[in-house]
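> With the hints as constraints, model all of the structure from the sequences given.
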Amino acid sequence: MHAIISLVAGLIFGLGLAFSEMTNPAVVIGFLDIFGNWNPSLIIVMASAISVGMLGYWIKNKRIKPLFADKWYVPTLKHIDSKLIVGATLFGIGWGLSGYCPGPGLTALVNNPSEGVYFILALILGSGVHTLQNRTA
Amino acid sequence: MDTIFNPLVGGLLIGLTATAYLLTTGRVIGISGIFSQLLFTKGRLLPFLFIAGLIIGGSAYGVLTEQTVAFPETRSPLLLTLSGLLVGYGTRLGGGCTSGHGVCGISRLSPRSIVATVIFMAAAIITVAIVS
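Protein chains in written order, with numbering that gives the first Met the number 0: chain A, 0 to 136; chain B, 0 to 131.
No wet-lab data here; the hints were simulated from the structure.
Where a beta carbon is used, it is the ideal one built from N, C-alpha and C, also for glycine.
Accuracy of the hints is not assured; some may be wrong.
[What the hints assert, rightly or not] Covered by chain A, per the in silico footprint, the following chain B stretches (three or more residues, Cβ under 8 Å):
(1) 10-18
(2) 32-44
(3) 77-85
(4) 107-114
(5) 118-129
Quick look at the structure:
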């Protein structure tokens, strides 16, 4: 069951990205370029996704456990530390450079392979460095 | 009209997926987290299926929707590599990306996710302002 859910969830999430053109870095950079020719698409995508998401958490809070799992695995961390701040800053700089965050970067492997390959190989390397650091620390 | 309709429908699809995934599996959808599970942890089948679905769905241009904005001209490998390194390392250090913090985290009003989203948005806006 989980296999079907994962595949279908990935598929519909990807369709959402494509339909809203978030898979196109030109659209994302157009949103981030608030001092230039601003394209508000991304804020509409996020607002509509978050509205539905909030409804989801409202339903979740009325249920004891998920349909196909024994408990909730929602992150419970609350504290704001330097890792969160530095990590979000580095991610933001990288995102602004190309217009790719991880989802659209992965779809670029098909949509625009001459860019996607470099971005994703580097992304694997970057997250690999973090994994290694945490193994040795 | 498409400039409002398409992002609205796309966002609804993303929100519905996150909600259905949450209520069935009990987990949040974070692309950076799921992709790093695929790379670095055992039990790779589920993250593999999710990422495969994401790539198939995310490349459905022309089948379901028309592209209204052209893709950018191919950027230099150096810029893409630098961007990928920062996104890869930053999302792991900060524990999430646009989906995990930006959509799922804000949906449940997580203080960490709200702070992270404000920071990565601000950093990205400043970067675009400097580079372009």
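> Evaluate each hint against the coordinates.
Going down the list of hints, with the structure as the test:
With 9 residues carrying a beta carbon less than 8 Å from a beta carbon of chain A, the stretch 10-18 of chain B meets the three-residue requirement, and the given coverage holds. A stretch counts as covered by a chain when three or more of its residues have a beta carbon under 8 Å from one of that chain; for the stretch 32-44 of chain B and chain A the count is 5, and the coverage holds. Here's how the stretch 77-85 of chain B fares: 8 of its residues keep a CB closer than 8 Å to some CB of chain A, so the rule of at least three is met and the hint holds. Counting residues of the stretch 107-114 of chain B whose C-beta lies closer than 8 Å to any C-beta of chain A gives 5; at least three are required, and the coverage claim holds.
For the stretch 118-129 of chain B, the stated coverage by chain A holds: 11 residues have a C-beta nearer than 8 Å to a C-beta of that chain, and at least 3 were required.
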